[in-house]
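Using the sequences provided together with the hints, build the complete structure.
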Amino acid sequence: MFLAKVIGKTWSDHKHYSYDGIDIKIIRDVNPETGGLINKPIFALDAIGTAIGEIVAYEVSAEAGKAFEDKKVLADATITAIIDSVDIVKGEGK
Amino acid sequence: MDFGIIKKELVCTVKDPAIKSVKLYLVQLLKLNRTERKEYMVCAENTLGLGVGDYVLVIKGSPCRQLEGNKEMPIDNAISAKVDSIFIEERYKFLLNQV
Numbered sequence: 001m002f003l004a005k006v007i008g009k010t011w012s013d014h015k016h017y018s019y020d021g022i023d024i025k026i027i028r029d030v031n032p033e034t035g036g037l038i039n040k041p042i043f044a045l046d047a048i049g050t051a052i053g054e055i056v057a058y059e060v061s062a063e064a065g066k067a068f069e070d071k072k073v074l075a076d077a078t079i080t081a082i083i084d085s086v087d088i089v090k091g092e093g094k
Numbered sequence: 001m002d003f004g005i006i007k008k009e010l011v012c013t014v015k016d017p018a019i020k021s022v023k024l025y026l027v028q029l030l031k032l033n034r035t036e037r038k039e040y041m042v043c044a045e046n047t048l049g050l051g052v053g054d055y056v057l058v059i060k061g062s063p064c065r066q067l068e069g070n071k072e073m074p075i076d077n078a079i080s081a082k083v084d085s086i087f088i089e090e091r092y093k094f095l096l097n098q099v
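So the protein lines, in turn, are chains A and B.
Last residue of the first sequence: 94 in my numbering, with the numbers rising by one and none dropped.
Last residue of the second sequence: 99 in my numbering, with the numbers rising by one and none dropped.
Among the hints, a few may not be true.
[Stated by the list, open to error] Residues from chain A that face chain B, not an exhaustive set, calculated with beta carbons under 7 Å:
1) I7
2) G8
3) K9
4) W11
5) S12
6) D13
7) K15
8) D46
9) G49
10) I52
11) A62
12) K72
13) L74
14) A77
15) T80
It should be emphasised that the hints constitute simulated quantities derived from the structure, not laboratory data.
Idealized CB from N, CA, C, for every residue including glycine.
If you want it as C-alpha cells, here you go:
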C-alpha cells in the first residue's frame, strides 16, 4: 500500500462491466516527510468514496480487484483508506 | 491504471486459442493534459468496441487475466474504460504540465 493525494476525477460512459457504480479518481504519491507530491499521476478505482484533496492509501497489483467484497473487478489500483494524520519522528531510522 | 490514446488496431491471423475472443490495440500513453509520452503498449480488449483516436484507461499486470470473468487469459495489458473527460481541481492545475 502507498500514500497518495486525490487530485482529480474522470468521467467515462463506456467501461468494463465490472466498473458499474465505481468512481475513477486521479491520485499522486505523497512524500510523507514533506507532504509534497512525487512520481506520476495514477488512475485508481474508489472503494470508499473519497473527495479531492484528501490523503489516501491505495493498493496496486492483483489485490486491488479484491477491495469490492464478492465482486470481481478488473483493477490494478484501488483506493482503500482515508488517512487522517501521519506521525513521523524525524531523524530516526537512519 | 494509466491514460492513453489508441493509435492503431492490430490484426492478427495467428493467435493463441485462449485469446481468440479479444482484439489487440496499440496504445500510446499520455500526460494528463493529453500531450503524448514516448511510451507505447499493446493492449487487449473485447467488449467496449473502440476505435482509433479514443482516449482510454489501460491496466497493467496480472489483474488483466480476468478480462472475461472467470476465464483465465494470457494477457498482460488490457483496456478497461473509455475516458470522456478528466477533471483536475484548480489548485492542482499546475500538475497538468508535469510528467
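Checklist entry - Quick one, is the G49 of chain A hint okay against chain B at 7 Å, beta carbons? => result Cβ of G49 of chain A sits 16 Å from chain B, so the hint is violated.
Checklist entry - Can L74 of chain A be said to touch chain B, with a Cβ gap under 7 Å? => result holds, 5 Å
Checklist entry - Against chain B, with CB atoms and a cut of 7 Å, does the hint on K72 of chain A hold up? => result The hint holds - K72 of chain A has a Cβ within 7 Å of chain B, the shortest such distance being about 6 Å.
Checklist entry - Regarding the hint that G8 of chain A lies at the interface with chain B, is the smallest CB-CB distance below 7 Å? => result holds, 4 Å
Checklist entry - Regarding the hint that D13 of chain A lies at the interface with chain B, is the smallest CB-CB distance below 7 Å? => result This hint holds: D13 of chain A lies near chain B, its Cβ roughly 6 Å from the closest one there, short of 7 Å.
Next on the checklist: Does the closest beta carbon of chain B sit nearer than 7 Å to the beta carbon of K9 of chain A?
Outcome noted: Interface hint status for K9 of chain A: holds (5 Å vs cutoff 7 Å).
Item to check | chain B contact restraint for A62 of chain A - C-beta distance below 7 Å | outcome: Holds. Min distance 5 Å.
Next on the checklist: Interface hint check: K15 of chain A, Cβ to nearest Cβ on chain B, cutoff 7 Å. Holds or violated?
Outcome noted: At about 4 Å, which falls below the 7 Å cut-off, the nearest Cβ of chain B leaves the hint on K15 of chain A intact, so it holds.
Checklist entry - When the nearest CB of chain B is found for D46 of chain A, is that gap smaller than 7 Å? => result violated, 12 Å
Checklist entry - Taking the least C-beta to C-beta distance, is I7 of chain A closer than 7 Å to chain B? => result I7 of chain A check passes; min Cβ-Cβ to chain B is 4 Å, inside 7 Å.
Next on the checklist: Please check whether I52 of chain A passes as an interface residue: C-beta within 7 Å of a C-beta belonging to chain B.
Outcome noted: holds, 5 Å
Checklist entry - When the nearest CB of chain B is found for W11 of chain A, is that gap smaller than 7 Å? => result Hint holds; W11 of chain A Cβ to chain B Cβ min 5 Å, cut 7 Å.
When the structure is compared with the earlier hints, violations turn up for hints 8, 9, 15 and for no others.
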